[in-house]
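Engineer: Here are the chains, one letter per residue:
Protein chains: 2
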Amino acid sequence: MIQTSLLPEDALPRGFRFAAVKAGLKRSGNLDFAVAVADEPASAAAMFTGNRVKAAPLTIGSRHLERSGGRVRVVAVNAGNANCATGEIGIAACERVCAAAAKTFGAEGHEVFPSSTGIIGVPLPAEKLVEALPKIRRLLTADTEHFSDFARAIMTTDTRPKIAHAWVDVSGKQVRIAGVCKGAGMIHPQLVPHATMLVYIFTDAEIAPADLHTLLLGAVEPSFNRISIDGDTSTNDTVLLLASGASGASVDASHPAFKMALEDVCLSLAKQIVQDAEGVTHVVELQIEGAASDAEALRVAKTIAHSPLVKTAWAGSDPNWGRLVAAIGYSGAEIDPNRIAIWLEDQQICENGGRVADFDEKRAHAYLKNPEFTVRIALGGGDGKCRFWTSDLTAEYVRINADYST
Amino acid sequence: MIQTSLLPEDALPRGFRFAAVKAGLKRSGNLDFAVAVADEPASAAAMFTGNRVKAAPLTIGSRHLERSGGRVRVVAVNAGNANCATGEIGIAACERVCAAAAKTFGAEGHEVFPSSTGIIGVPLPAEKLVEALPKIRRLLTADTEHFSDFARAIMTTDTRPKIAHAWVDVSGKQVRIAGVCKGAGMIHPQLVPHATMLVYIFTDAEIAPADLHTLLLGAVEPSFNRISIDGDTSTNDTVLLLASGASGASVDASHPAFKMALEDVCLSLAKQIVQDAEGVTHVVELQIEGAASDAEALRVAKTIAHSPLVKTAWAGSDPNWGRLVAAIGYSGAEIDPNRIAIWLEDQQICENGGRVADFDEKRAHAYLKNPEFTVRIALGGGDGKCRFWTSDLTAEYVRINADYST
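Line by line, the protein sequences are chains A and B. Here my numbering is used: the first residue of the first sequence is 1, the next is one more, and so on. Here my numbering is used: the first residue of the second sequence is 1, the next is one more, and so on.
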């Protein structure tokens with residue numbers, strides 16, 4: 001699998017066209033309205049945030065999927081405004097954009113899947129989006145340049161577009177999977193059959209909506225649900241998977257190669273989000289093992305990933321493993337402090353809950369200067385394990401999120 | 001009640017002497033070893049961290065309290081080293097200091113209450129502390145200057161000593177309560193009948209250990225257990241309350257005036273910790289109401305207090321209430337998003353889950369420039385409520401904790 005910000009032409013799933021325009025929602029004046037249109041109604045599966053506060057497009061999007069029986073013709077995504085905490089006005093604004101998009105692209109209203117990302121609590125200027133639709137219709141093209149525009153238009157504090165793709169051989173036919181996502185802050189997806197993470201994955205395999213949903217569930221758990229930047233679970237997180245069927249190859253929920261390829265695409269996109277975390281200087285892979293259960297391992301990983309003291313130590317490449325031990329201790333997981341062991345890659349720094357006798361601080365410090373590193377923690381209490389990816393906490397993260405310019 | 005870094009002479013609880021020296025544990029060379037000695041074994045009650053990883057002095061301290069039946073002659077506190085994650089060596093080092101202190105001050109070994117704060121995972125240099133004991137014995141004095149030295153010696157990243165006191169009239173006799181504490185980071189006390197928050201409160205009332213414990217439980221819950229700086233619950237948090245009886249006035253667990261005075265002292269100390277939070281520029285009082293229960297209200301308060309996005313918005317005096325709504329949504333509390341209302345002091349900024357029609361952003365921004373402000377949130381779902389104090393998250397916090405100088 002290749003990660004690239006410009007997809008090779010022969011990696012673009014067939015059956016979809018893409019476009020993006022500047023609708024005037026972003027202060028920067030950059031691309032901020034992205035649309036994907038399926039040639040025929042595509043099979044669709046979606047997952048949304050576990051936050052009890054949900055943005056208007058999530059309410060409308062899940063309602064549309066229900067009415068259409070899992071079919072989508074048009075995906076319409078704006079950045080610059082989350083259309084969340086906007087009440088009935090927000091719902092009406094979202095419905096207006098969907099109705100206009102349905103009319104523009106010759107679809108049913110419930111075949112439009114809306115998404116929004118940006119500031120919470122400010123009314124969505126639906127008019128600007130509606131006015132931009134004719135231009136989008138003229139631009140729609142099935143090529144990687146427009147696919148890349150789609151990926152750029154959905155960005156907020158992201159510094160770069162995030163794209164991943166895979167090819168799968170299905171009964172001698174080539175199936176393509178390509179996904180885009182955005183997200184750099186307010187990232188702790190807890191997708192429940194859960195950012196403002198937005199993920200759109202397209203494939204030209206032929207897959208029934210129920211199978212698509214099962215495949216999505218299986219791929220999201222070990223990828224998007226295993227990352228955190230700041231522990232803030234967004235009101236707008238959305239993962240949408242669309243299957244056009246244009247490859248002529250049929251796939252069901254148990255197809256091993258497709259499952260693996262989909263999971264690879266999801267994991268690549270998830271890691272790209274952490275690599276582009278707001279103010280990030282270090283990406284950390286946590287490997288937890290020896291927990292009472294996988295759930296307990298995840299609990300430990302999340303507590304570490306959300307500890308400001310651990311995250312700032314990482315920012316300073318500081319091998320202050322005592323902060324890791326403290327976080328493990330207050331995670332709520334059933335652990336024996338005297339059994340904790342910690343490795344930085346292959347260098348053990350903690351055994352039996354204390355510092356190793358031959359602790360090489362300089363070597364540990366040097367390792368933690370790498371932009372990406374691995375911290376492995378063995379709890380010595382069971383078979384539970386997990387992998388989890390997170391970022392450090394830097395002064396730049398604070399600057400980005402404390403910057404108040406109005 | 002007066003807050004002061006130098007106690008008035010007539011506010012010092014009778015029956016205790018204090019001293020502090022430079023034992024060479026702090027790199028800065030400042031005072032780092034503090035001792036309080038009760039003229040007669042004082043009645044004692046203590047609460048420790050809820051972290052499953054507990055430092056050696058907490059293990060030894062609670063063992064000593066058990067053996068002595070809640071009596072303490074000597075409190076021995078070092079800063080510069082937490083003696084945590086130090087295994088059996090750490091236990092032995094702590095026992096060595098206690099034994100030497102017992103001998104120096106003519107007490108039983110189990111009448112010594114030890115505490116440590118500083119870096120985790122580095123062996124405690126017990127020898128330095130033992131060698132400093134004779135000098136401490138010479139310095140011990142019942143005056144506010146030495147009490148103030150005690151408060152300074154226990155500081156780590158604190159910028160100032162924290163002292164609070166109260167007078168209570170008990171049956172015509174004056175009872176004095178005076179407390180000191182330290183803590184500026186790794187602060188999210190969850191004291192269980194639970195910080196590296198260290199708190200020492202002295203009174204000259206005569207109180208039986210069981211009553212003292214009840215009084216301490218009642219005072220800690222609405223104070224130290226209602227603050228958070230970074231959400232990191234320490235391995236060393238300790239609150240110790242000692243009663244010398246030297247006033248000749250007897251108090252039981254239900255004495256209203258003493259209870260109120262003790263709670264006032266605890267709340268003052270708790271707020272002083274937040275006011276001195278690492279890198280703090282804003283102290284925030286959260287008032288949550290209308291929750292399904294007090295526990296649910298606390299859950300919402302803690303989630304807000306731990307949200308990096310909310311805390312960085314506060315650092316920027318940014319009235320981005322959408323981040324508050326998002327945090328409420330993922331808190332796990334049972335809430336109806338359409339009922340959320342938010343006030344900054346008396347200015348309502350959110351009603352029915354959305355922005356108020358007459359939202360005055362400039363006024364909100366100006367209010368949030370105050371070094372201390374109040375955010376009131378009504379959830380509209382029940383009678384549950386709480387107050388909670390926390391700090392903003394600044395680039396300075398990151399600098400302090402990412403600074404790696406070896």
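Treat each hint with caution, since some may be false.
Cut-off 20 angstroms, straight-line C-alpha distance, at most; resulting in silico cross-link-like pairs (EDC-like, lysine to aspartate or glutamate) [what the hints assert, rightly or not]:
| hint | chain 1 | residue 1 | chain 2 | residue 2 |
| --- | --- | --- | --- | --- |
| 1 | A | Lys385 | A | Asp252 |
| 2 | A | Lys369 | B | Asp403 |
| 3 | A | Lys385 | A | Asp149 |
| 4 | B | Lys271 | B | Asp252 |
| 5 | A | Lys128 | A | Glu289 |
| 6 | B | Lys369 | A | Glu289 |
| 7 | A | Lys362 | B | Asp403 |
| 8 | B | Lys362 | A | Asp403 |
From chain A, some residues computed to sit far from chain B (all C-beta separations above 12 angstroms) [unchecked claim]:
| hint | residue |
| --- | --- |
| 9 | Pro8 |
| 10 | Glu95 |
| 11 | Pro256 |
| 12 | Lys385 |
Please keep in mind that the hints were generated in silico from the structure rather than gathered at the bench. The beta carbon of each residue, even a glycine, is placed where N, CA and C say it ideally should be.
Engineer: Test the statement that Pro256(A) is away from the interface with chain B: the closest C-beta pair must be farther apart than 12 angstroms.
Structural biologist: 35 angstroms, holds
Engineer: Using Cβ atoms and 12 angstroms as the threshold, tell me whether Glu95(A) really stays out of contact range of chain B.
Structural biologist: Check passes; 17 angstroms lies beyond 12 angstroms.
Engineer: Given the hint that Lys128(A) pairs with Glu289(A), test it: the Cα-Cα distance must not exceed 20 angstroms.
Structural biologist: Not satisfied, since the Cα-Cα distance of roughly 51 angstroms exceeds 20 angstroms.
Engineer: Just want to verify: Pro8(A) was marked as not at the interface with chain B; is every Cβ pair farther apart than 12 angstroms?
Structural biologist: 37 angstroms, holds
Engineer: Are the Cα positions of Lys385(A) and Asp252(A) separated by 20 angstroms at most?
Structural biologist: 29 angstroms, violated
Engineer: Regarding the assertion that Lys385(A) does not contact chain B, is the least Cβ-Cβ distance greater than 12 angstroms?
Structural biologist: Label holds. Min Cβ-Cβ 19 angstroms, cutoff 12 angstroms.
Engineer: Hey, Lys362(A) versus Asp403(B), does the alpha-carbon distance stay inside 20 angstroms?
Structural biologist: 15 angstroms, holds
Engineer: For the pair supplied as a hint, Lys385(A) and Asp149(A), confirm whether the alpha-carbon distance does not exceed 20 angstroms.
Structural biologist: Violated, because 39 angstroms separates the two Cα atoms, which is more than 20 angstroms.
Engineer: Is Lys271(B) close enough to Asp252(B), meaning Cα to Cα at most 20 angstroms?
Structural biologist: 27 angstroms, violated
Engineer: Within 20 angstroms, alpha carbon to alpha carbon, are Lys369(A) and Asp403(B)?
Structural biologist: 13 angstroms, holds
Engineer: Please work out if Lys362(B) and Asp403(A) have their alpha carbons no farther apart than 20 angstroms.
Structural biologist: 15 angstroms, holds
Engineer: Check whether the Cα positions of Lys369(B) and Glu289(A) lie no farther apart than 20 angstroms.
Structural biologist: The given pair, whose Cα atoms are some 46 angstroms apart, is violated under the 20 angstroms limit.
The structure shown violates the earlier hints numbered 1, 3, 4, 5, 6.
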